[in-house]
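Undergrad: These protein sequence lines are chains B and X, in that order. In this text, residue positions in the first sequence follow the working numbering: the first is 1, and each later residue adds one. In this text, residue positions in the second sequence follow the working numbering: the first is 1, and each later residue adds one.
What the hints contain is simulated information worked out from the structure, not anything from laboratory work. Certain hints may be false.
Said to hold, decoys possible - One side only, chain B facing chain X, incomplete, derived with CB under 7 Å: (1) Gly25; (2) Arg41; (3) Arg46; (4) Phe57; (5) Tyr61; (6) Ala65; (7) Arg171.
Please read these numbers as outputs of a predicted model, since none were measured by experiment. Quick reminder that beta carbons are idealized off the backbone N, C-alpha and C, glycines included.
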Amino acid sequence: MDVRAAPSDAEVVARVLGGDAEAFGILIRRYEAGLLRFATRMLGSRDAAADAVAEGFVRAYRHLASCREPQRLRTWLYRIVTNRCKSHLARRSVADVPLDEAPPVADPSDTEATLERGEQLALVQRALTELSADKREAFVLKHVEGLSYEEMAAVTGERIPTLKMRVHRAREALLKALEEDA
Amino acid sequence: MNTIDPRIHQALDGELSPDALPPELQRAIRQVAAAADLLAAPVRGVSVELRVMAEIHRPAPTWARRVARWIVTPHALTFRFRPAWSLAFAAAVAVLTVFAARGGEPQLAEHEGIAQFVGRFPDARSVHVVGSFNDWRAGSIALEDQDHDGVWRATVVLPAGTYEYMFVVDGERWVPDHLADRLVADEFGRENSVVIVRPARR
Numbered sequence: 001m002d003v004r005a006a007p008s009d010a011e012v013v014a015r016v017l018g019g020d021a022e023a024f025g026i027l028i029r030r031y032e033a034g035l036l037r038f039a040t041r042m043l044g045s046r047d048a049a050a051d052a053v054a055e056g057f058v059r060a061y062r063h064l065a066s067c068r069e070p071q072r073l074r075t076w077l078y079r080i081v082t083n084r085c086k087s088h089l090a091r092r093s094v095a096d097v098p099l100d101e102a103p104p105v106a107d108p109s110d111t112e113a114t115l116e117r118g119e120q121l122a123l124v125q126r127a128l129t130e131l132s133a134d135k136r137e138a139f140v141l142k143h144v145e146g147l148s149y150e151e152m153a154a155v156t157g158e159r160i161p162t163l164k165m166r167v168h169r170a171r172e173a174l175l176k177a178l179e180e181d182a
Numbered sequence: 001m002n003t004i005d006p007r008i009h010q011a012l013d014g015e016l017s018p019d020a021l022p023p024e025l026q027r028a029i030r031q032v033a034a035a036a037d038l039l040a041a042p043v044r045g046v047s048v049e050l051r052v053m054a055e056i057h058r059p060a061p062t063w064a065r066r067v068a069r070w071i072v073t074p075h076a077l078t079f080r081f082r083p084a085w086s087l088a089f090a091a092a093v094a095v096l097t098v099f100a101a102r103g104g105e106p107q108l109a110e111h112e113g114i115a116q117f118v119g120r121f122p123d124a125r126s127v128h129v130v131g132s133f134n135d136w137r138a139g140s141i142a143l144e145d146q147d148h149d150g151v152w153r154a155t156v157v158l159p160a161g162t163y164e165y166m167f168v169v170d171g172e173r174w175v176p177d178h179l180a181d182r183l184v185a186d187e188f189g190r191e192n193s194v195v196i197v198r199p200a201r202r
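Turn these sequences into a full structure, and let the hints steer you where they fit.
TA: So, in C-alpha cells, the structure goes:
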C-alpha cells in the first residue's frame, strides 16, 4: 500500500511558486471549510462568505511570494479573509446582514433533532450578528476556529489584552442575548 | 455594562477547571460552549475551489488595463508622513524633473513620467522592484549596481500616478524603501512604499 504523508503547507507553497498553479488547489481544499465557516459567521450570509473567501484565496495566490512564513499559512489566510470580511461589512450596514441561517424549511428527510439544531443555530447566529464586528471576530476566532490568543494577534494585528477584552465582552453580550431569547 | 463572574472567563480561557465552580457558573460555561459548538458546524453546499482556480488560470489582463483599473478603483490609504525625509524627496523630485527635461532621454508620452528607484543593499546578488505598476510580479524590473558600491538603481517610465512598491532582494526578501516619501500599511501587515510619478509634459 502506498502511504504518503500529505505535503506540508510550506512544500505546497514552494510548488506553487515554482510554477505548479494546480497545487494551489491543495491549499484551497485544506482551508476552505474553516474559512467559509469563519466568513459565514462574520457576515451572516453564505453567499457573501463565499465571495469573501474566493477573493481571499485569489489574493493569497497573487501575493503568495510575500508570505514570509509559509509554515504559518493558515494564520496568513485567516488574516486575508478577515480583511475581506471587513471590506464587505464596510460596504453595508450591519442591519442589512441577511440571516440565511434562519430556521430551515422542513424537509421530509430532516429529523426533529436536525430541525431543532437548525433553530438553535439561527438563534445563536442572530445573537452573534448583534455583536460589533470586532467582538464577533474575536469570539469566532477564539471559540469557533479554536485559535490561541497569539494566533489571533497574528491574524488581527491587535494586542493580546485587547483581544481578551473583546472575547470577554462578546461572551457577556452573547450570554445576555441568549438568556433574553430563552 | 453587563458583566459576568470573572471565573467564567478564566474557565473558558483554560485557566481554571470548570469543575471547581458553582453549578450556576458551570451552566453559563456550558451555554457558551454549546453556542460555539453550533457555530462550528460546517457550512454545507458551498465551495469556492472551482471559482478560485478559474480565476487564477484566467489570462492576466493587459498592462494598460491593470493600470486603468487601478487608477479608477477607490483606494483607502493610511498615510504616515516622515518630515525628516521630505527634503530627500524634494531632491529626488528635482532630479526627476531635470532628468525629464534633458534632451536625448527616453521619449515620453504626454501622461508618462519617470520613476527612479534607488536602494542600498551592499551584499545583495539581485534587487528587483515590484509594485502596483507591475501587478506585484517579481522579476520584471531589475535594479543595477554597475559600480559595485552596493547602491542599486533603476529608472522606469510609468504612466503618471501614485504607486505602491517594495524591493525584492535576492528574489526572496521583500523590503520597503525607507527613503520613500510615504509608507502605507497594506492588508497583509506590511508597509509599502509610495512613489508619485508626475507627467513629464503637461
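Undergrad: Holds or violated: Tyr61 (chain B) as interface residue toward chain X, Cβ cutoff 7 Å?
TA: holds, 5 Å
Undergrad: Holds or violated: Arg171 (chain B) as interface residue toward chain X, Cβ cutoff 7 Å?
TA: Holds. Min distance 6 Å.
Undergrad: Less than 7 Å between beta-carbons is the criterion; does Gly25 (chain B) satisfy it with respect to chain X?
TA: For Gly25 (chain B), the interface hint holds, since the closest Cβ of chain X sits about 6 Å away, which is under 7 Å.
Undergrad: With a cut-off of 7 Å, does the beta carbon of Ala65 (chain B) approach a beta carbon of chain X closely enough for the hint to hold?
TA: Holds - the Cβ of Ala65 (chain B) comes within 7 Å of chain X, reaching about 6 Å at its closest.
Undergrad: Taking 7 Å as the limit, does the beta-carbon of Arg46 (chain B) come near enough to a beta-carbon in chain X?
TA: With a closest approach of 5 Å, the Arg46 (chain B) hint holds.
Undergrad: With a cut-off of 7 Å, does the beta carbon of Arg41 (chain B) approach a beta carbon of chain X closely enough for the hint to hold?
TA: holds, 6 Å
Undergrad: Given Phe57 (chain B) as an interface hint, is the shortest Cβ-Cβ distance to chain X below 7 Å?
TA: holds, 4 Å
Violated hints for the displayed structure: none, as all numbered hints are satisfied.
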